[in-house]
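Here are the chains, one letter per residue:
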Amino acid sequence: MKIRTWKRMAGQGFRSLFRNRVMSLASISAIAAALFVLGLVMAVVMNFNNIIAGLESKVEITIFLKTDTHSSDIKRMEQQIQSWEGISEWEYISKDEALETWREEWGDMAYLLDGYNSENNPLPDSFHIKVQKPEFVESVVEKASKFAAVEKVQYSKDVVDSIASIASTTRFFGMIIVVVLIIMAMIIIHNTIRISVYSRRREVNIMKYIGATDWYIRWPFLIEGMALGLIGAAISGGLTAGVYSLLLKRISSSPMQGNLLSQFQLLPLDSILYPIVGLFIMVGSAVGIAASLLSISKHLKV
Amino acid sequence: MIQFINVSKVYDNGLQALNNVNISVESGEFVFIVGASGAGKSTLVKLLLKEIEPTEGKIIVNDVDLSRMKRKEIPFYRRGIGVVFQDFRLLPTKTVYENVAFAMEIVEASRKEIRRQVPAVLGMVGLASKANAYPSQLSGGEQQRTALARALVNNPSILIADEPTGNLDAATAAEIMKIINMINHRGTTVIMATHARDIVNSMKKRVITFRKGIVVSDKEKGEYFCED
Ligand SMILES: Nc1ncnc2c1ncn2[C@@H]1O[C@H](COP(=O)(O)OP(=O)(O)OP(=O)(O)O)[C@@H](O)[C@H]1O
Ligand SMILES: [Mg+2]
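Line by line, the protein sequences are chains C and B. Reminder that position 90 of the first sequence reads as 89 in numbering that gives the first Met the number 0, one-by-one numbering, no gaps. Reminder that position 201 of the second sequence reads as 200 in numbering that gives the first Met the number 0, one-by-one numbering, no gaps.
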């Protein structure tokens, strides 16, 4: 088809969109809501994945000891640990030191720890071991677990696994909500196009007598559906960007910045926005086109 | 050439609108289709436009069997046929010019062609001065002329008119007939379904009379007769 024809069809589609503004607005809100939730889920999952990647690059093993472990046991363990293969650094941190470190790290919030002293310190004594390569983690964990005084051996794999499972749960439930919202958006867009077909039925009838091809008649409705999807995508893109940058600002101004959260930096806006907006454009136009195709095949007799 | 060969049409509700119709119309002919209300005139028009399918029989237009025509070919077939109806069927939001240009846009005519052809056709039907008026600002006769201009703008070889004067007074109807007659003289085949006895009798053209879906008479230079 000629460019002039496409322009005419686009004009027709947008006029229709404006003529049914109430329905158009409902459609755009529905698709924007669905995409916004999709964006939030993506932002969360992308951040989790980033944290996982960060943790996997730092392989650290923490051995927590049972309370009241005798200092001679600790000495013996120290000697053995030194002899293990693949250890790059190790450190013993007593529970008193641990409490002290927490006090420092928490800064302004340290008053929360005020009730604790060496008598009732809830923290355990611990060894912190860094290995030269991730391959050594397993053998170190295995050997450490054999110590009688060990309460728990924690290493990044645990954290990675639990973050990964939170991420996949988020993705799973998030996607269910997204699918439900997309179905709702499709129903609303479907109805919008139906009304638009109805309000242009005279014109469509005349077009058929004059000899318009089926696609000449259909395209303006498809363009209208696609425009609804794309406007929805633009709005949800803006919304996602706004909410995310607000979150970034909140977190960077929080008192715990620089210590506790320092290794869990949120991804910068750019790096999440491009993939998300790309997906919005694809999903938005696909939903709009699919809904109008369904509506046209049901309501537009060409 | 248009041929109806043993054509019958039974609607879904079981009503037989046409019964074994055999008609042959040469290119350039002018044919009136007459008959009482419900005789099957509009059914014949719809069959010719391939809006509905015959239950039995064959319709052949310019050597093409309509039942063999692919769905995709229908729009292109219709471009060769101009149609006007009793109720004009103009778009109320478009001017006279735009209503006519619309028919050319649909067949993707160039802007240049549209600018040349639309005023020419409007001139032919005597509406040059009303090009920028909206249908609501026009008389019935002017609206029908606009519809005629739209039907003719793509130079169809056949003009089908289903009671084109049904909503018009006698004087206006006569003017419309003058235009249709002129179009016929330029070589376009005209098929016109009508109730209008005076028009039929004054034109001295071929008249095919239907009664309850059956062709009861087919006469050159015929007269309107109908026991309604
Ligand atoms: N879609 C349809 N379904 C069922 N019956 C129909 C349909 N269209 C027309 N009919 C019936 O078929 C018969 C012929 O109708 P048609 O419209 O062809 O008559 P007509 O000669 O054009 O009448 P009029 O002069 O009133 O326009 C009528 O009895 C009508 O009720
Ligand atoms: Mg009729």
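Since the hints were derived computationally from the structure, they do not count as laboratory data. From the three backbone atoms N, C-alpha and C, an ideal C-beta is built for every residue, glycine too. Some clues are possibly wrong.
[Stated by the list, open to error] Covered stretches of chain C (chain B as the covering partner; in silico rule of three or more C-beta atoms under 8 Å from a C-beta of chain B):
1. 192 to 206
2. 210 to 224
3. 237 to 248
[Stated by the list, open to error] Now the in silico label distances, taken between C-beta atoms and shown as ranges:
4. V178/C with R110/B: 43 to 51 Å
5. L24/C with M0/B: 40 to 48 Å
6. F75/B with R3/C: 16 to 24 Å
7. F75/B with G277/C: 38 to 46 Å
8. L292/C with F75/B: 49 to 57 Å
9. D197/B with K6/C: 31 to 39 Å
[Stated by the list, open to error] Derived BS3-like pairs (lysine-lysine); straight-line CA-CA distance at most 27 Å:
10. K69/B with K297/C
11. K207/C with K57/B
12. K69/B with K207/C
13. K111/B with K1/C
14. K129/C with K1/C
15. K71/B with K207/C
16. K45/B with K297/C
17. K57/B with K300/C
18. K207/C with K45/B
19. K111/B with K300/C
20. K1/C with K69/B
21. K218/B with K207/C
22. K111/B with K6/C
23. K300/C with K93/B
24. K49/B with K207/C
25. K297/C with K129/B
26. K177/B with K300/C
27. K204/B with K45/B
28. K204/B with K6/C
29. K204/B with K300/C
30. K6/C with K300/C
31. K129/B with K177/B
32. K207/C with K220/B
33. K71/B with K1/C
34. K93/B with K1/C
35. K71/B with K300/C
36. K57/B with K6/C
37. K177/B with K204/B
- Query: So which of the earlier hints does this model not fit?
  - Reply: 3, 5, 8, 9, 14, 19, 21, 25, 26, 28, 29, 32 and 36
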